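J.: Residue numbers (our numbering), protein chains in the order written: chain Z, 175 to 287; chain S, 7 to 116.
Read the hints as simulated data drawn from the structure, not as lab findings. Since the structure is predicted, the reported quantities are computational estimates derived from the model, not experimental observations.
Derived coverage of chain S by chain Z (criterion: at least 3 residues anywhere in the stretch with Cβ under 8 Å from a Cβ of chain Z; other residues may be distant): (1) 47 to 57; (2) 104 to 116.
Derived pair list, reagent style EDC-like, types lysine to aspartate or glutamate, alpha-carbon separation capped at 20 Å: (3) S:Lys-42 <-> Z:Glu-275; (4) S:Lys-57 <-> Z:Glu-275; (5) Z:Lys-231 <-> S:Glu-9; (6) S:Lys-70 <-> S:Glu-9; (7) S:Lys-108 <-> Z:Asp-259; (8) S:Lys-62 <-> Z:Glu-275; (9) S:Lys-57 <-> S:Asp-72; (10) S:Lys-75 <-> S:Glu-9; (11) Z:Lys-187 <-> Z:Glu-256; (12) S:Lys-108 <-> Z:Glu-275; (13) S:Lys-111 <-> S:Glu-21; (14) S:Lys-44 <-> Z:Glu-275; (15) S:Lys-70 <-> Z:Glu-275.
Glycine included, C-beta positions come from ideal geometry on N, C-alpha and C.
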Amino acid sequence: KAGVTQTPRYLIKTRGQQVTLSCSPISGHRSVSWYQQTPGQGLQFLFEYFSETQRNKGNFPGRFSGRQFSNSRSEMNVSTLELGDSALYLCASSLLLAGGEQYFGPGTRLTVT
Amino acid sequence: SQELEQSPQSLIVQEGKNLTINCTSSKTLYGLYWYKQKYGEGLIFLMMLQKGGEEKSHEKITAKLDEKKQQSSLHITASQPSHAGIYLCRSQGGSEKLVFGKGTKLTVNP
Numbered sequence: 175k176a177g178v179t180q181t182p183r184y185l186i187k188t189r190g191q192q193v194t195l196s197c198s199p200i201s202g203h204r205s206v207s208w209y210q211q212t213p214g215q216g217l218q219f220l221f222e223y224f225s226e227t228q229r230n231k232g233n234f235p236g237r238f239s240g241r242q243f244s245n246s247r248s249e250m251n252v253s254t255l256e257l258g259d260s261a262l263y264l265c266a267s268s269l270l271l272a273g274g275e276q277y278f279g280p281g282t283r284l285t286v287t
Numbered sequence: 007s008q009e010l011e012q013s014p015q016s017l018i019v020q021e022g023k024n025l026t027i028n029c030t031s032s033k034t035l036y037g038l039y040w041y042k043q044k045y046g047e048g049l050i051f052l053m054m055l056q057k058g059g060e061e062k063s064h065e066k067i068t069a070k071l072d073e074k075k076q077q078s079s080l081h082i083t084a085s086q087p088s089h090a091g092i093y094l095c096r097s098q099g100g101s102e103k104l105v106f107g108k109g110t111k112l113t114v115n116p
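So that you can see chain Z by itself, here it is in the shape it has in the complex:
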């Protein structure tokens, strides 16, 4: 069974630009969660999608958005990038909503200059 895949693995953007990250969950998993990881704040929950609907949301500004497609693949978008958005973005898939055993992708390392 293929694991969770994330593309791209590395990304360099300039302040003010926008970026879209992609996540393909494990086959059969309908929940995809996104996290931001930084040295200072640790791993912070962004949002969770289940069956194409956002079900849970963390405390991030509206510049961070996401969506999920009918095949459970998910994308997250960050608009008007700021230097502080530089981080490792991880997605995780699971069978169940809001918890349960999550399987993580390798992450996308975003650097904003």
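Chain Z is already provided as a structure; the job is to place chain S on it using the hints.
T.: Structure of chain S alone, referenced to chain Z:
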């Protein structure tokens, strides 16, 4: 909202030594997950604890959940360089948002 505090923040041990990492919750702990992360990579699921007093082991890693103390501990016996990484605890989720501890960085010197 729930917070998970991990201690210590970092740990350096000699190969073969035992060690313990703690995760303490600010609220009642109904369940807890432990993950391991190699630097800059995704998280690998280690164990899930769902009931107070529950104890699980996998190879040389044992985790316990103490409901009364609102705490979970992760114990590694006879540490090896392959145990090095960042260990993170995660809340059960459900009605509370998913929360991770900030992690414990483990270095094992050969």
